[in-house]
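Position 125 of the sequence shown, counting from 1, maps to 125 under full-length UniProt numbering, and the rest follow consecutively.
Do not take every clue at face value.
[Stated by the list, open to error] Here are the in silico distance ranges between beta carbons for each label pair:
| no. | residue 1 | residue 2 | range |
| --- | --- | --- | --- |
| 1 | Ser500 | Ile371 | 44 to 50 Å |
| 2 | Thr502 | Val542 | 39 to 45 Å |
| 3 | Thr490 | Lys317 | 53 to 59 Å |
| 4 | Gly330 | Thr453 | 36 to 42 Å |
[Said to hold, decoys possible] When the alpha-carbon atoms are kept at most 16 Å apart in a straight line, the in silico EDC-like pairs for lysine to aspartate or glutamate are as follows:
| no. | residue 1 | residue 2 |
| --- | --- | --- |
| 5 | Lys48 | Asp11 |
| 6 | Lys48 | Asp2 |
| 7 | Lys278 | Asp325 |
| 8 | Lys278 | Glu218 |
Because the hints were derived from the structure by calculation, they are not lab data.
Heads up, the beta-carbon is just placed ideally off N, CA and C, and yes, glycines get one too.
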Amino acid sequence: MDPVATNLREDNIAELFLSHVTPSAVSAGDTISCGVTASPASSDFFTKTNSSTGNPAVYCRASPTGLNYVSVQTYTLTVTCNENIVTSNTATSSLSINIVQNSAPSITNLPASTSISSTTTTSGTFVFNVTATDPEGDQLYFGMTCNPTGCPFQIQESGQILATADLRGTTQTGYDISVSINDSRSTVGPSILTVTITDINSAPTFSNPLVTAIVINENSAFSTSLYDLNVNDANVGDTHTFTATYTPTDGVNYFIIDSSNGIISTSSTNNINYETLKAANAETTVMTVTVSDGQETATTSVSITVADINEAPAFSKSNYLLSADEANSGTAIGNPNFGVVDPDTGDTLSYALGCSDFSYNSATEIVSYAINYDVDTAGHATSQTCVVTVNDGSLTSTATLTINVININDNTPVLDAASYTYIVDSSTAVGATIGTVTATDADASPYGTVTYTIDQTSLGNQYFTISSSGAITTATSLSSFAAGQSLSLTVSATDSGGLSATSPITIVIPATTTAGSTSSTERTLSFFDDSRNIAWFTAAMVLAVVVVAIATYICLKKFRYKNMKK
Numbered sequence: 001m002d003p004v005a006t007n008l009r010e011d012n013i014a015e016l017f018l019s020h021v022t023p024s025a026v027s028a029g030d031t032i033s034c035g036v037t038a039s040p041a042s043s044d045f046f047t048k049t050n051s052s053t054g055n056p057a058v059y060c061r062a063s064p065t066g067l068n069y070v071s072v073q074t075y076t077l078t079v080t081c082n083e084n085i086v087t088s089n090t091a092t093s094s095l096s097i098n099i100v101q102n103s104a105p106s107i108t109n110l111p112a113s114t115s116i117s118s119t120t121t122t123s124g125t126f127v128f129n130v131t132a133t134d135p136e137g138d139q140l141y142f143g144m145t146c147n148p149t150g151c152p153f154q155i156q157e158s159g160q161i162l163a164t165a166d167l168r169g170t171t172q173t174g175y176d177i178s179v180s181i182n183d184s185r186s187t188v189g190p191s192i193l194t195v196t197i198t199d200i201n202s203a204p205t206f207s208n209p210l211v212t213a214i215v216i217n218e219n220s221a222f223s224t225s226l227y228d229l230n231v232n233d234a235n236v237g238d239t240h241t242f243t244a245t246y247t248p249t250d251g252v253n254y255f256i257i258d259s260s261n262g263i264i265s266t267s268s269t270n271n272i273n274y275e276t277l278k279a280a281n282a283e284t285t286v287m288t289v290t291v292s293d294g295q296e297t298a299t300t301s302v303s304i305t306v307a308d309i310n311e312a313p314a315f316s317k318s319n320y321l322l323s324a325d326e327a328n329s330g331t332a333i334g335n336p337n338f339g340v341v342d343p344d345t346g347d348t349l350s351y352a353l354g355c356s357d358f359s360y361n362s363a364t365e366i367v368s369y370a371i372n373y374d375v376d377t378a379g380h381a382t383s384q385t386c387v388v389t390v391n392d393g394s395l396t397s398t399a400t401l402t403i404n405v406i407n408i409n410d411n412t413p414v415l416d417a418a419s420y421t422y423i424v425d426s427s428t429a430v431g432a433t434i435g436t437v438t439a440t441d442a443d444a445s446p447y448g449t450v451t452y453t454i455d456q457t458s459l460g461n462q463y464f465t466i467s468s469s470g471a472i473t474t475a476t477s478l479s480s481f482a483a484g485q486s487l488s489l490t491v492s493a494t495d496s497g498g499l500s501a502t503s504p505i506t507i508v509i510p511a512t513t514t515a516g517s518t519s520s521t522e523r524t525l526s527f528f529d530d531s532r533n534i535a536w537f538t539a540a541m542v543l544a545v546v547v548v549a550i551a552t553y554i555c556l557k558k559f560r561y562k563n564m565k566k
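Model the full structure from these sequences, guided by the hints.
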């Protein structure tokens, strides 16, 4: 054996050459096989052919399991070799293996302390470098534990301790890190590294959280301040940012929080309507408010309830228009379609029309005449603008209703006489006025304008004309008519709406009173101008005288009789 004794470290882990086996008196071409036994027994040793010498050699296996100085300090190996695998040709030799105890490593810079800032420490930030030595130069393995547990640090194979998390926002002021090292045989430690965390951020807190709901009336003014949330923070100079979430989400449309100061107010653009919120089951909104100082946050809840108030009914328009013919009281004019909306369900609405000449039926929604309305009558205008008031019992709204009354042709012209009689000499000059008729029409413009016409069809010629003012003049010579002849005409007065009135005209041609006269006397024929009237009038007067005389005689006779009896 060469050598016959050798040292073996108990922490050996690689396959290791221990000694050469040198057989003697070996013939050329012989094959030598060897085996090894250990005392105390161990399977950590074996033989094999050394690649350098070509002869058998003794080795320690890789990763031996039984090398422990405390248990066994020396192994005696017996090596037995056979020639050509013939058991009678054997040789033995001994090898002493002295186990060398492992030297423990040591940590050279612990215990120690260090400090890091929470504001600058993030994942991967260097914290501390643990240094260690090993007499045999063994590979060293680092391990660590923390107090409190769950610390945001990790030790690397090199001994460097690094942060594993962002420490901004941490409230832990420090950790004790227990570091151990191992060289695969011996573990040394733990040694303590105290890590102090500076610049600890204090979380903000709400100093005035609400415990009862805020109650506001619907239709509150835009941007009305509702509540001011205040914050306490030990870190003077921290900037705070406020945010909110809403339950139900409809609340985001009606309530806002100022991100810089925590003031809760109503929306600057959206009106808060109770009926709308009720339809969405959102009469109460819960705002979950969060304040952040950039690292830490705090949360509180603010409940806001919207109260229903009576709201005035509202017209759909500010002005309405109706038009109708003039008519008698009770006649319907029309439906103005006010379209009044009252947000408050169940309110009873009443209407008042600010014009006494008209009435409004809220059940039928019809405007009617309250009087006999005649535009031709003084004081009845063709247009009236009325103030319409709707009342829900406590609140009112107004609008205007303009009613245009259309004048209709409801009056017939009236001539100033039921009949006309004129005495016109047959010698009356052409163009002479023989008389004038006048007609009136109670209709206002445009129907009150009257025009005149004469129907003289029975005369067979147009002997007369009539002007727009009603003056009747001769249009041609009357010389063809005989003295005492009577002419019949009809005068018509027609208004611009087509309604007419007529009266008969009688023209009497009298006997000529002045020989050779070329003109006629124009007058209206009197009762006594007719000789027939004179005759029967004279007879009547004579009869009357006779009757009076007889009556007088009877009276006198009775008077005398009474006196004689006395």
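Checklist entry - Against the structure shown, which of the earlier numbered hints fail to hold, in ascending order? => result When the structure is compared with the hints, numbers 1, 5, 7 turn out to be violated.
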